[in-house]
Amino acid sequence: MNESFSDIVPPPARFRGQVLARVYRVWLFRKLLPVMLAEIIVLAVVIFWLTRAVFIRRVVENAFNVFFTNPPAVFSFAVSAFVHAGTFTKVLVLMSAVALALFVRHLTQGILRLILVRENFFGRTGTPSS
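All the letters of the sequence shown, read from the start, carry residue numbers 67 to 196 under the working numbering.
Calculated from the structure, these hints are not laboratory results.
Since this is a predicted model, take the numbers as computed values, not measurements.
Misleading hints may appear alongside valid ones.
Between beta-carbon pairs, the in silico distance windows are [stated by the list, open to error]: (1) K97 - T117: 29 to 37 Å; (2) A163 - K97: 42 to 50 Å; (3) R171 - V92: 31 to 39 Å; (4) F95 - S142: 44 to 52 Å; (5) F95 - R171: 35 to 43 Å; (6) V157 - R124: 19 to 27 Å.
No residue lacks a Cβ here, since even glycine has one placed at the ideal position from N, Cα and C.
Using the sequences and the accompanying hints, generate a full structural model.
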């Protein structure tokens, strides 16, 4: 048992890659998925209240009418509809936009990490530098 620190062989890169892949899977299921589920719930509640405050079907019908008659006017229609909406509706629209942006950010973050794990990017890690 007279092994010095320099005599210990580091684990192969493939083993380290497998460990890193498992760490990222644990991160995905313990950290990312609960956050995404909470964001989905918040987004669903905000959209539910938004549909109670605004008759979405009529807004979409009007938007399609504007789009098919004058496509560039859709942006001015959306701005005008937002400006003339009530305060509660404006807050709900902003909340849903923020929640949707956060959800998309977390979704892309999770997908990119999953791609890295699937491609076994971490299996190609070199020996650790001293």
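Quick rundown of the hints versus the structure:
The hinted window of 29 to 37 Å between K97 and T117 holds, with their beta carbons roughly 31 Å apart. For A163 and K97, the Cβ-Cβ distance of about 24 Å falls outside the hinted range of 42 to 50 Å, so the restraint is violated. Hint check: R171 to V92, Cβ distance near 21 Å, so the stated range 31 to 39 Å is violated. Range check, F95 to S142: Cβ separation about 45 Å, and the 44 to 52 Å hint holds.
Take F95 and R171: their Cβ atoms lie about 18 Å apart, and the range 35 to 43 Å is violated. At about 20 Å, the beta-carbon gap between V157 and R124 stays in the expected band of 19 to 27 Å.
Checked against the numbered hints above, the structure breaks hints 2, 3, 5 and satisfies the rest.
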